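Enquirer: Listed below, chain by chain, are the residues.
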Amino acid sequence: MTADDATLSRLMALAQGGDRVAYRALLGECRNWLQRFFARRLPPASIDDVVQDTLLSLHAKRASYDPERPFLPWLAAIARYRWVDHLRQVYRAAEVGLDETAITDEQDAPAIAARIGLDGLLRTLPAKQAEAIRLVKIDGLSIAEASAISGQSQPLVKVNIHRGLKRLAKHIEQD
Amino acid sequence: MPPPLDLDRLADELTPVRRLRPAAGALATAAAVAAVIVAVLGWAGLRADLAEGVLHPIFLVRAGLLLLLGSASVAGVLAMGQPAVGRARAGWRWAAAAAAVIPMAAVILALNAPTPVGGRLYPMNGMQCIGYTLVGGIAIGAVLTLWLRRGAPTSPKRAGLLVGLGAGSLAAFAYGMHCPHDDMLYIGLWYTIAIAGAAAIGRIVVPPLVRW
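These protein sequence lines are chains L and H, in that order. Residues 378 to 552 in the numbering used here are what the first sequence spells out, letter by letter. Residues 301 to 512 in the numbering used here are what the second sequence spells out, letter by letter.
Hints were generated in silico from the structure; no laboratory data involved. None of these values were measured; they are calculated from a predicted model. Ideal placement from N, C-alpha and C gives every residue a C-beta, glycine not left out.
Reference listing, derived: stretches of chain L covered by chain H, where coverage requires no fewer than 3 residues with Cβ under 8 Å from a Cβ of chain H:
| no. | segment |
| --- | --- |
| 1 | 384 to 394 |
| 2 | 400 to 407 |
| 3 | 429 to 435 |
| 4 | 449 to 459 |
Isolated chain H, as found in the complex (with noise of 0.2 Å):
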């Protein structure tokens, strides 16, 4: 059995601490996601019609749709670093909902192709997409897991499950700054399976580091 815990001592070694702030989390959150985003158009350069000044309404759709999952994940993430019993933190739920429509969209399509899809696919850009996914998930949610890391989240698991899910989210928008595909089929697929693997990273490399 541990000694009392001398309250006198702990009082003692008080130090003053700066107060961990979700708008400093969510201002670093945006910076690394711009970082991304300006990686990804080093590198891969700009979709040629936003280059032009176009905005295709699918483009828009499946911006729109990242963005809300991803500000919602990381909201839940910051939202997690103060706990206090009885704060609702379900948004990310409902936005993921939302965001399951275009999955469940290119399936509905693709059972409904009249010709084959595999012509729609693009397999070797569906990997581009999953790798600047990832390596930018990585990015991003190396950023939040350090906020994440000073406060004290008291469910490591689904906390780790949010920073991949945030983190994925938007660096699948950055990346959608590149990308040039459109097809609902195309997006469903390859966007589902990186996000859904920035998921999985987070969850599994993410609550070791934060638990406390």
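Bound conformation, chain L alone (with noise of 0.2 Å):
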């Protein structure tokens, strides 16, 4: 069974005032909700670390949720908010070795795929980055391959998937 969200809130309620069965419950609701939440945002092998990551942030900032309003949106924004720390944790990963290696990870491919996996966002980017972004990051090509298929130079397509994450980031900071 999964709580709504009235239950959910008063559960809060219960826990910002020193509850600590009703914390306990709501922890593991939230944890439910959030392995759901991710699924669709992250690869299974990164959900469980942003799940803890959020759980942790829930529990740190419990003072900022207001009883009198809806409990899931309040959480959903939290989430949010660790799944683009994430995000920028892995591009500053590859923009640190953002050469042929580290952008043909294959293990990286996926999670990348995974992160950006909603078209809507590529949609925000001009054509050359999110073309840029979809052969190497989603489609998994070297950026030789990329670069003859999309017309672009290799050091163009390097420098669009730069580009193209970063916006990304931020498009999702502000979204």
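Work from the hints to combine the two standalone chains into their complex.
Expert: So this is what it looks like as structure tokens:
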């Protein structure tokens, strides 16, 4: 059974007052909800880590919840913040070694594909940047292959990936 | 890979918390603005016409716009302390657009001025305006930032910009109690520089302080 928003809100209000039993029940419900939330946005290997980070954030920022307002939009805002944070960490890791090896790392490709899996996000990018990200990060092609298909030079493919990921992170934060 | 999070242990660590209340943040900000007004009046003194109980129309327009921009920006900051997906917080943009009328009017006046504008700028007074606004803005911004650190802003960069914009506008409002100039050209130049400077400081300084 899944708790409704009103129940979660009541549990959180009790938790803010120090009720540990209510808080434990809330944490369990939130963990389940977050696992479903991130399942559509992250590769399976990353979900548990980001769920944990989000639960720790919930714990640290529990004073910021207003029981007069719905609970799930608050939790979703925290979850999305942690998700963007995760995105940035992966992006920074790629930026450090933004070369052929890093960009075509097979393990990295599905992670990034899941990260930016929402087509709507890619549509917010200029066509060349979206194409470079789609070919290399989602389809898993090498820089050389992406260059041949797209007609962009290899340095331009790298630059477009770099700029596109940066713009995506910014867009998600402002969404 | 970190060990799995023990929810029982996390629950055992629970302690009661004092809820973050935007009203408390607004009250603290209002107190800071009042303190800056008192400081401005103590150091620089009240405008001569205000002291005589006369209100100049330009003074009223300037004070109103600054108060509007400051209040809308502070309201945006206070809302950011309690995040929620789907809550719109665009009020400050409309207020900024309204306040932008003054610098735009100043540019038009400068372009159409029959005499050189240099004599209407009073650079020494302008520097004083910038100084008071930045110092007052830092005081007001510090109060806002302290409040926001207890919250959970999900856009730290925008939060920093709004802290600077709000604090700078309210500090400029406070300095306006002393400022003897009612020339749109003067206001459009120096007040814009001062508030933009405060917004830039907020945008640079605040995000690392409120990131979580």
